[in-house]
Structure formats: structure tokens, C-alpha cells
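Enquirer: Kindly produce the complete structure, drawing on both the sequences and the hints.
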Amino acid sequence: MLTFHILGPFQVCRDGVPLDLGGQRQRAVLARLLVAGGRAVPVNTLIDELWPGEPPAQALSTIQGYVSRLRRALEPDRAPREEAGVLVTAPPGYALRAETGQVDAWRFESLVRWEGARTEEDGDAAGWERMETALGLWRGPALAEFADLMWAATESGRLEELRLVALERRAAAGVALGGSASVVPDLEAHATAHPLREEAWRLLALALYRAGRQGDALGALRRARTLWRDELGLDLGTTLRRLEADMLAQAPYLEGPHTPPPTAPTRPTSAHGPTVPAATGRDGAPADAHGHGWPDGRAAGQYGGRGGNGPAGAYGDGPAAGGHGDGPAGAYGDGPAGGRAAGRHGAGGPGGGYGAGGAVVGRALRVVVVDDQALVRTGLRVMLDAQPGLETAGEAEDGEQAIAVVGRLRPDLVLMDIQMPRLDGLAAARRLLADPDPPKVIMMTTFGTDDNLYAALRAGVSGFVLKTSSPEQFVAALRAAAAGDALIDPAVTTRLIAAFAGRADPAAPPALAGLSDTRLDLLKLVARGLTNRQIAATLSVPEQTVTESVAELLDRLGLFDRAQLVVAAYESGLVNPAASRS
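With the numbering used here, you'll find the sequence shown wraps up at 599, consecutive numbering, no jumps.
Don't read these hints as lab results, they were simulated from the structure. Keep in mind that a hint or two might mislead.
Here are the simulated SDA-like cross-link-like pairs (lysine to any residue), alpha carbons at most 25 Å apart as the crow flies [what the hints assert, rightly or not]:
(1) K541 x L582
(2) K541 x L591
(3) K541 x E565
(4) K541 x G575
(5) K541 x D572
(6) K541 x S557
(7) K541 x E569
(8) K541 x T555
(9) K541 x P559
(10) K541 x L574
(11) K541 x R573
(12) K541 x L556
(13) K541 x A472
(14) K541 x Q561
(15) K541 x G531
(16) K541 x T562
(17) K541 x A553
(18) K541 x L576
(19) K541 x S589
(20) K541 x A554
(21) K541 x E560
(22) K541 x V558
Okay, the calculated beta carbon distance ranges per label pair [stated by the list, open to error]:
(23) A554 x A444: 32 to 42 Å
(24) A554 x D402: 33 to 43 Å
(25) L591 x S85: 39 to 49 Å
(26) R439 x A74: 34 to 44 Å
All C-beta atoms in this analysis are idealised placements derived from N, C-alpha and C, irrespective of residue type, glycine included.
Expert: Okay, structure coming up:
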């Protein structure tokens with residue numbers, strides 16, 4: 018059976034096996050027909066939308082050639098003169114014939130609209146499961162490879178709005194079912210990423226209140242008010258003001274049930290795509306409130322990839338999650354190459370090294386926030402300044418500004434968007450990390466391409482965090498980066514490096530010839546994603562010894578970040594993806 022996948026990397030599969038759809042413009046023809054939802058798209062429209070501005074003289078014959086090749090790919094067993102049954106001629110153009118269950122976007126929209134029209138008899142549990150199924154269809158941004166085409170950007174925005182609606186409806190069902198405490202992390206991430214969505218703040222405040230956190234509920238509404246006033250000059254809307262007043266009066270209706278919402282079942286293989294496992298923790302248990310497999314994959318990323326398979330999984334369910342902040346004060350930066358292991362300010366630097374929780378002993382960690390959206394920067398600044406041991410040292414709105422600000426302020430950490438105008442985050446990170454005494458850099462992503470993520474690992478970026486992560490995950494990522502401990506979930510490492518480790522690159526890390534067996538064993542454990550504490554337990558040595566040995570290994574290989582050690586281990590063949598999964 019054919020299945021069409023728009024909600025993430027664009028694919029068409031036959032019985033789970035991806036088909037070769039040709040070049041990007043030929044793929045765009047098929048994507049445009051899928052966006053039409055089964056309706057006919059005139060040939061002239063296809064030409065105008067595939068070649069905005071000046072279509073080539075042979076555009077019509079080119080379109081016909083694309084359609085012919087796509088038909089062969091979609092229906093290879095069709096006889097030469099047999100009428101096409103999938104990509105059909107529908108004067109004055111073409112249309113795609115498929116069932117709703119065969120197209121992930123069609124099925125997603127059907128589920129969301131069904132939920133919007135459901136009656137009280139359907140029940141909140143059924144609503145939760147429908148929205149969980151709908152959100153599980155997402156594997157990344159919709160139609161991202163066609164983002165420069167207006168029709169694709171418009172459709173991507175429409176689908177993204179429906180996705181946000183689905184997130185809110187699922188959270189509302191969770192609150193109604195009594196699982197308020199469990200949905201709070203989702204809602205924290207959602208409100209932080211989309212601070213102008215009134216429903217996000219309403220649900221967050223209500224969930225906090227029903228979870229017994231009345232002060233935090235009022236604090237969330239105050240945070241929303243501050244953001245709206247600073248950025249828009251507006252007060253909260255009527256709904257939020259009324260909710261705030263009711264909370265202050267402790268209105269009885271605000272109390273709700275206290276039974277947890279249902280955990281997500283394994284989604285069966287069906288017409289809309291391959292099996293997507295339910296959200297689980299490392300031991301296969303249902304997810305918890307901290308992102309260890311709970312629905313929406315706080316650890317793994319917002320779209321699919323539960324339990325650490327998405328780029329942002331570095332701060333979630335993998336061993337890296339427990340690694341930050343475990344070392345004793347001064348443990349990072351005391352070895353022969355301590356400056357490399359600790360990042361800025363080694364043993365003799367300002368503040369005297371890194372203590373528990375990744376904090377610089379004697380002062381707060383100073384962070385520069387880099388993002389081209391003012392609202393995002395404001396939200397991050399408010400979040401950071403509310404955390405003990407962290408402070409916002411400065412802000413920048415593009416890569417060029419970031420380089421100047423970092424050079425002037427010399428922060429400990431840089432939290433930077435990977436996609437920005439003028440100079441993007443990857444290029445800026447390369448220049449920042451070329452400094453003799455660079456800060457630790459964490460890239461924020463909405464699901465950047467694997468090429469970008471892997472290139473960032475090569476450059477020495479400490480890790481990745483999804484822009485929609487909860488405040489707790491941002492803070493954990495920053496402290497982990499400062500401490501220099503494990504930041505990469507093994508599942509993320511395996512996926513990225515398995516895809517790219519075979520590529521030749523003159524800038525690749527040096528060969529490992531000459532390293533002792535002891536150092537090679539240490540490198541293997543680092544590549545598996547173990548923290549210094551876990552390595553110490555495995556080797557039965559003091560944690561301080563591991564910390565110093567990792568620093569010496571970095572210095573020996575001419576590297577400066579733990580992520581680069583992981584890349585070196587895979588690219589040299591010391592560790593292979595298949596072995597790391599066993």
C-alpha cells in the first residue's frame with residue numbers, strides 16, 4: 018500500500034519502503050497535488066507555482082515529463098496504456114487519488130476536526146487518544162524542503178496552526194481527566210514557544226492550579242502579562258483576567274478531578290504510515306512529567322521520535338539527562354587540560370571552575386541569548402533571570418551581532434538559534450568556537466536538517482535543545498554544557514552519525530592511532546553517551562579521575578568539546594552504530 022508523508026521529511030512509501038521520487042521540482046509536483054487534497058490542480062497553476070516569476074519556455078512539457086516519471090514510481094506494475102489510478106489526469110490538470118488514511122496530513126486534519134466537533138458523549142479519554150494519535154503523525158516541520166515556494170509556506174503555516182490547536186486540545190483533555198501535573202511540562206513549553214496564544218496560558222495556569230501549585234499558576238499569568246506589555250503594550254485578555262480573579266478568590270469550579278490521563282498506547286500499523294511506538298521511558302514504562310517518554314516527546318522533540326529519536330533528545334530521556342551537575346565543586350577544569358574540559362575559565366580562571374549543577378563557583382553562569390525573534394529572546398531572558406545561578410549577560414538577533422556581543426561580554430554560555438538571517442547559527446558557532454577560549458554553545462532548533470546538526474557536532478557545539486522545550490530542560494541543558502559532562506543522547510548520536518560517518522571530510526577529527534587501550538576504552542564509553550559519574554562506576558575509578566582523563570583525551574586529539582569525541586569515535590570506526598544500539 019502507498020502512504021504519503023508530508024508532516025516531516027517528504028516521502029512516499031510502498032509497504033513501508035521509501036520510493037525514489039526524483040529531483041526536488043518533480044517532488045514538488047506531487048507535494049502540490051497532495052496539498053490540494055484530492056482536488057484537480059490546473060497545469061497553468063502548477064507552472065506558475067513551481068516557477069514563480071519566469072517559467073521556462075518548455076514548462077508544459079517539463080510538467081508532463083515529471084508526471085510521467087511520478088506515475089511510473091507510484092504504479093510500477095501498471096501496463097503501458099492502462100489508465101493511471103493514483104496520479105490521474107483531471108482536466109485542466111492533474112489530481113492525486115488516495116484514501117484519507119494513506120496521507121498523514123489528511124488523517125491528521127481529519128482527527129483534529131473530528132475532535133473539534135465531538136460531543137460530550139465522546140468523553141475526554143477518547144479526545145486525548147485522538148489528539149495523541151494525531152500529534153504522533155508529525156515527524157518534523159511540514160513541507161520544509163519546499164519552504165521557498167509560496168503555496169508550501171502557506172500550507173505549512175496552516176498545518177502548524179492545526180498542530181498547535183491539537184496540542185491545546187490534548188492538554189485540555191488531560192486537565193479534564195485529572196492529569197494536570199502531568200501536562201504542565203507540555204504547557205510550559207507550549208506557552209514559552211508561543212507566548213501570544215491566550216489558550217496556552219489559560220491551560221497552563223489552570224493545570225498548575227489543579228496540581229496544587231496556586232502560586233505558580235498566578236505566576237504564569239503574571240509572566241504572560243509582562244510579556245504582552247513589554248512586546249505589545251497590551252494587558253491580558255478578558256478570559257485570562259477573569260481566570261486570575263477567580264484564582265485569587267479560589268472559585269470552587271477551579272477544582273477538578275485528580276486521576277491521571279491515559280497513557281498513550283502503541284499505535285498500530287495502518288494505512289497512514291508505519292508503527293509509531295507509544296511514549297515510554299528507558300525501561301518501557303509510561304512516560305512521566307519530566308519528558309521521559311511522556312506524550313509530545315519533550316525529550317525527543319516536538320514531532321514524533323518519542324524517547325530521544327529527535328534532534329532535541331539530547332536533554333531528555335538518555336543517560337545525558339542525569340549527567341549535569343553531579344561533579345564536586347572545582348571538579349571541572351583542574352586537570353592538565355582543564356580549560357578545554359570546562360570550557361571558559363579553567364582552574365585558574367575567574368570564578369575558580371565549575372561546581373555542582375554546572376554553576377561557576379562564586380558567581381552565576383552568564384548566558385548570551387541569540388535569536389532573530391524578539392519575543393523568543395524576551396521569553397528566554399525572563400526564564401533565565403528567574404533561575405538561581407544563571408543570568409542573561411546579553412542578547413543578539415543574528416550571528417554577526419552574536420560574535421560581537423560574545424567578544425565584548427565573554428560569557429560562559431551561548432544559547433543560539435541555528436536558523437537566522439545575515440549569518441546563521443552554524444556559521445556563527447564555527448567562528449565563536451575558533452576562539453582560543455570559546456564559550457560553550459548550545460544550538461536551539463525547530464528540527465534543523467541532519468546535515469546542519471551533524472556539522473554543528475563537528476564544529477564543537479555542546480548540544481541541541483528544541484525551542485519548545487520546557488524551562489527545566491533549557492536550564493538542564495545550560496548547566497550540563499557548563500559542566501562539560503555528557504550532552505548527547507545515544508539515540509541522537511547513533512542516528513546522526515550513522516547517516517554521515519562515512520563521508521570524507523578534510524576537517525574530520527584526527528585518527529586515533531597511538532592512543533592507549535585505556536584511553537580507547539574511555540572514548541568508547543563517552544561515545545555511548547555515559548556521564549562522567551557513570552563511566553567512573555563502570556571502570557571502578559573516582560569520578561575526578563574520569564574528568565581529568567576526558568580533559569587529557571580532548572587535549573591529545575586537539576578537540577575542545579565532548580561532542581567532538583563522540584564524532585571521532587564513530588568516524589574512526591572505533592564505535593559503530595549497530596554496536597551502540599546493542
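Enquirer: All hints are to be evaluated individually against the structure, with a verdict given for each.
Expert: Hint-by-hint comparison with the structure:
A threshold of 25 Å between alpha carbons decides the hint, and for K541 with L582 the separation of about 9 Å falls inside it, so the pair holds. For a cut-off of 25 Å, the pair hint linking K541 to L591 stands: about 7 Å separates their Cα positions. Of the pairs offered as hints, the one joining K541 and E565 holds, with about 16 Å between alpha carbons and a cut-off of 25 Å not exceeded. Of the pairs offered as hints, the one joining K541 and G575 holds, with about 18 Å between alpha carbons and a cut-off of 25 Å not exceeded.
For the suggested pair K541 and D572, the alpha carbons sit about 17 Å apart, so the restraint of at most 25 Å is met. Taking the CA atoms of K541 and S557, the gap is about 16 Å. The hint holds against a cut of 25 Å. Taken as a hint, the K541 and E569 pair is honoured in the structure, with Cα atoms around 15 Å apart against an allowance of 25 Å. Distance hint between K541 and T555 is fulfilled; the C-alpha atoms sit about 12 Å from each other, no more than 25 Å.
Distance restraint check for K541 and P559: the Cα-Cα separation of roughly 18 Å lies within the 25 Å cut-off, and the hinted pair is therefore satisfied. A C-alpha spacing of about 15 Å is found between K541 and L574, which places the hinted pair at or below 25 Å, so the restraint holds. Between the alpha carbons of K541 and R573 the distance comes to roughly 16 Å, so the proposed pair stays at or under 25 Å and holds. The suggested pairing of K541 with L556 holds, with an alpha-carbon distance near 12 Å, which does not exceed 25 Å.
Taking the CA atoms of K541 and A472, the gap is about 21 Å. The hint holds against a cut of 25 Å. Taken as a hint, the K541 and Q561 pair is honoured in the structure, with Cα atoms around 18 Å apart against an allowance of 25 Å. For the given pair, K541 sits about 15 Å from G531 by alpha-carbon distance, which is consistent with the 25 Å threshold. Using a Cα cut-off of 25 Å, the hinted pair K541 and T562 holds, with the two alpha carbons roughly 16 Å apart.
Distance hint between K541 and A553 is fulfilled; the C-alpha atoms sit about 13 Å from each other, no more than 25 Å. A C-alpha spacing of about 16 Å is found between K541 and L576, which places the hinted pair at or below 25 Å, so the restraint holds. Pair hint K541 plus S589 holds up; C-alpha atoms about 11 Å apart against a cutoff of 25 Å. About 15 Å separates the Cα atoms of K541 and A554, which keeps this hinted pair within 25 Å; it holds.
With a C-alpha separation of about 17 Å, the suggested pairing of K541 with E560 holds against the 25 Å cut-off. Pair hint K541 plus V558 holds up; C-alpha atoms about 16 Å apart against a cutoff of 25 Å. For A554 and A444, the hinted distance range of 32 to 42 Å is satisfied, since their beta carbons lie about 39 Å from each other. Remark: the range hint 33 to 43 Å for A554 to D402 is upheld by a beta-carbon distance near 36 Å.
The beta-carbon spacing between L591 and S85, approximately 48 Å, falls within the hinted interval of 39 to 49 Å. In this structure, R439 and A74 meet the distance hint of 34 to 44 Å, their C-beta atoms being roughly 36 Å apart.
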